[in-house]
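Both chains are given apart, each in its own frame, so use the hints to dock them into the complex.
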Amino acid sequence: DAGVTQSPTHLIKTRGQQVTLRCSPISGHKSVSWYQQVLGQGPQFIFQYYEKEERGRGNFPDRFSARQFPNYSSELNVNALLLGDSALYLCASSLGNRVEGEKLFFGSGTQLSVL
Amino acid sequence: AQTVTQSQPEMSVQEAETVTLSCTYDTSESDYYLFWYKQPPSRQMILVIRQEAYKQQNATENRFSVNFQKAAKSFSLKISDSQLGDAAMYFCAYYYSGGGADGLTFGKGTHLIIQP
Numbered sequence: 007d008a009g010v011t012q013s014p015t016h017l018i019k020t021r022g023q024q025v026t027l028r029c030s031p032i033s034g035h036k037s038v039s040w041y042q043q044v045l046g047q048g049p050q051f052i053f054q055y056y057e058k059e060e061r062g063r064g065n066f067p068d069r070f071s072a073r074q075f076p077n078y079s080s081e082l083n084v085n086a087l088l089l090g091d092s093a094l095y096l097c098a099s100s101l102g103n104r105v106e107g108e109k110l111f112f113g114s115g116t117q118l119s120v121l
Numbered sequence: 002a003q004t005v006t007q008s009q010p011e012m013s014v015q016e017a018e019t020v021t022l023s024c025t026y027d028t029s030e031s032d033y034y035l036f037w038y039k040q041p042p043s044r045q046m047i048l049v050i051r052q053e054a055y056k057q058q059n060a061t062e063n064r065f066s067v068n069f070q071k072a073a074k075s076f077s078l079k080i081s082d083s084q085l086g087d088a089a090m091y092f093c094a095y096y097y098s099g100g101g102a103d104g105l106t107f108g109k110g111t112h113l114i115i116q117p
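Same order as they appear, the protein sequences are chains A and B. Under the working numbering, think of the first position of the first sequence as 7, with each following residue one higher. Under the working numbering, think of the first position of the second sequence as 2, with each following residue one higher.
For reference, chain B alone in the conformation it holds in the complex (with noise of 0.2 angstroms):
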């Protein structure tokens, strides 16, 4: 079964700071996605930032950006000029079409804090 391993409990940076969350994986499949999503006090899952496997350019959203590994099996999402509208849970998330369960696979999550 696929893992996904988040192993920043909470993150803490500085407003207008750059900040990355780390991510590794673990999957015997070669064409997968990853996925990053930001949940905030809310609740609500909003999707960040998506990468294909095959393609080995790395996916960039504005200030968000990923560092894909694939060979590690790594998958870090860098923020830039960080916002107070970033605090929030990110989690990071795997799927892979055909496994038959057909659903994300996500990480515990990383608390984001942002200091003013």
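So that you can see chain A by itself, here it is in the shape it has in the complex (with noise of 0.2 angstroms):
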């Protein structure tokens, strides 16, 4: 079975652009969340979604929002990009159901430098 896959791998921006960020869960997943990964530091939660509602959204500007489809992938969009927006973008699967504690299984990721 394929893992959590993220497209794409690199991307290079100006700023003041706007960004898409793809993800596609391991199958039978229902829930992806997104994490940004600043270097140096731990990931921090941004979104997630769950049936294709938000179930949760971490502390970051409403330039950030996302959306998940009805195959329950997903992407994250970042407008009006900042130098500070350059990180790490994790998304990560699960299947969604609390009580097994949130086991998320992540991707590989997509590094966004902004310029």
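There are no misleading hints in this set.
DEER-style ranges, computed between Cβ atoms:
no.	chain 1	residue 1	chain 2	residue 2	range
1	A	Gln23	B	Glu30	39 to 47 angstroms
2	A	Gln23	B	Gln58	49 to 57 angstroms
3	B	Thr19	A	Glu57	39 to 47 angstroms
4	B	Glu18	A	Phe75	46 to 54 angstroms
5	B	Phe65	A	Phe75	34 to 42 angstroms
6	B	Gln3	A	Leu17	24 to 32 angstroms
7	A	Glu60	B	Gln3	17 to 25 angstroms
8	B	Ser8	A	Arg21	30 to 38 angstroms
9	A	Asn85	B	Phe65	38 to 46 angstroms
10	A	Ile18	B	Tyr55	43 to 51 angstroms
11	B	Gln15	A	Gln47	25 to 33 angstroms
12	B	Glu18	A	Lys36	39 to 47 angstroms
Don't read these hints as lab results, they were simulated from the structure. Here the structure is a predicted model, which is why all the values come from computation and not from measurement. Glycine included, C-beta positions come from ideal geometry on N, C-alpha and C.
Here it is as structure tokens:
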């Protein structure tokens, strides 16, 4: 079975531009979460989607938005890019069953560089 | 807000030796989950071990085990018989489902070096 796939793997943008990152979860997983990992730090939670509904949102500005499609894949959008948005963006999929304590399976990430 | 603290930015151990990585966390909840994730140079986060707070028994996964001290809010990872492939960043993480945000809270990580 394929793991979590993210595209693109690398992306270079300039300040003020907009970017869309994509994620396909593991087959059978209904939840997708997005994390931002700045160099030298642990990942920070951005969003979780479950069954196409937003289940949770971390402390990120409204420039960050996401959605989940009927096939459970997801997109993360960032508008009006700032230099500080340069980071590794990680997508994680899970069953979405809170009883399982959210055992997350991560993709390899999209490295976003904002110039 | 929950916080996770990893006080060791870097640890070094000889191959085949045992190493312990430290993690403390702050929460007012009683029912939560704790995790250790490994991030090799490929940057993919890999789940190493998971602990339910309501279970007193420490979780083990082959050469990896934890020492969970709930009262002290401490969650350390012990790696036995260290192997070169264990070299990576290790992140401790906390999860509580009733908090509304529904995401993991990660520490800043510990860089583990394995000396051959």
